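Enquirer: Okay, so the sequence shown: first residue is 29 according to our numbering, each after it adds one.
Honestly, the hints are just simulated from the structure, not real lab data. Just so we're clear, the structure is a prediction, and the values are computed from it rather than from any experiment. It is possible that some hints are incorrect.
No more than 20 Å apart at the CA atoms, straight line, and that leaves these computed lysine to any residue pairs for SDA-like [what the hints assert, rightly or not]: (1) 78 to 110; (2) 69 to 95; (3) 75 to 59.
Computed Cβ-Cβ distance ranges for the label pairs, DEER-style [to be verified]: (4) 202 to 83: 15 to 23 Å; (5) 277 to 151: 36 to 44 Å; (6) 244 to 266: 19 to 27 Å; (7) 78 to 34: 15 to 23 Å; (8) 233 to 34: 41 to 49 Å; (9) 109 to 83: 18 to 26 Å; (10) 34 to 201: 21 to 29 Å.
All C-beta atoms in this analysis are idealised placements derived from N, C-alpha and C, irrespective of residue type, glycine included.
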Amino acid sequence: MAQDLQGRGAIVTGSSRGIGAATAALIAQRGAGVVINYRAKAPRANKVVKGIESSGGSAVAVQADLTEAAGAQQLVDAAVQNFGGLHILVLNASGGMEADRGEDYALKLNRDAQVNMVTTAVETMPAGSQIIFVTSHQAHFIHETATMDAYEPVARSKRAGEDALRELLPTLDDKGITLTVISGDMIEGTITATLLDRAQPGAIDARREAAGRLYSVDEFAAEIVQLVGREDLPQAHTELVGGAEDFLRANS
29 MAQDLQGRGA IVTGSSRGIG AATAALIAQR GAGVVINYRA KAPRANKVVK
79 GIESSGGSAV AVQADLTEAA GAQQLVDAAV QNFGGLHILV LNASGGMEAD
129 RGEDYALKLN RDAQVNMVTT AVETMPAGSQ IIFVTSHQAH FIHETATMDA
179 YEPVARSKRA GEDALRELLP TLDDKGITLT VISGDMIEGT ITATLLDRAQ
229 PGAIDARREA AGRLYSVDEF AAEIVQLVGR EDLPQAHTEL VGGAEDFLRA
279 NS
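Build the full structure now, drawing on both the sequences and the hints.
Expert: Shown next as structure tokens:
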């Protein structure tokens with residue numbers, strides 16, 4: 029694989045498993061040094077780091093709860109100290125279906141933490157850097173298309189996060205930093221899909237039937253990473269991946 033990201037530092041939030049881990053591994057294959065972010069489970073994050081290193085890449089695991097004020101700075105500091113700077117920020121961490129985190133957790137993580145991560149990171153990121161916000165069709169289109177009842181609070185909080193990041197565009201323009209949004213359908217095998225199917229049995233089967241098929245974790249990660257380093261993307265470009273046709277038809 030081309031080492032076109034050599035010399036760049038990257039952060040992938042929520043990258044100790046699933047889409048984040050797969051995305052981090054692909055970015056590292058292209059030469060970037062990657063900060064692997066985890067909230068609580070160090071062994072899982074360390075396993076991701078070892079996998080990257082065994083393939084010749086560079087990574088470091090950093091514990092940081094993004095809903096806490098200091099979490100974002102810890103990640104930025106790690107990128108600077110380990111890889112000489114921060115050039116790529118993938119905002120993958122999301123949640124809100126966890127029963128033990130409080131009813132306002134979805135907004136804290138999916139909106140407030142995303143804004144805090146970006147406002148902290150842009151103080152370090154040089155011109156030409158890129159921020160990628162990962163979302164879902166269910167969230168991106170929530171104002172126009174209803175989603176599954178169990179997922180609606182998460183969808184609305186993720187859309188609030190996307191809207192809040194778009195409000196930062198004047199600052200990003202001033203700094204020469206690009207925001208890219210990538211929206212995918214429900215992804216097979218993710219914790220969100222598992223929790224949703226538990227809360228609303230049959231929901232994933234219904235979504236799979238409507239979409240034709242759902243992407244795997246590795247397939248969606250590849251779609252995210254193919255946006256990294258793209259210089260032809262306009263500011264705030266939204267990439268719709270897999271299964272968006274019925275959402276678009278509903279909003280046409």
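Enquirer: Out of the numbered hints, which ones does the structure contradict?
Expert: Structure breaks hint 4 only.
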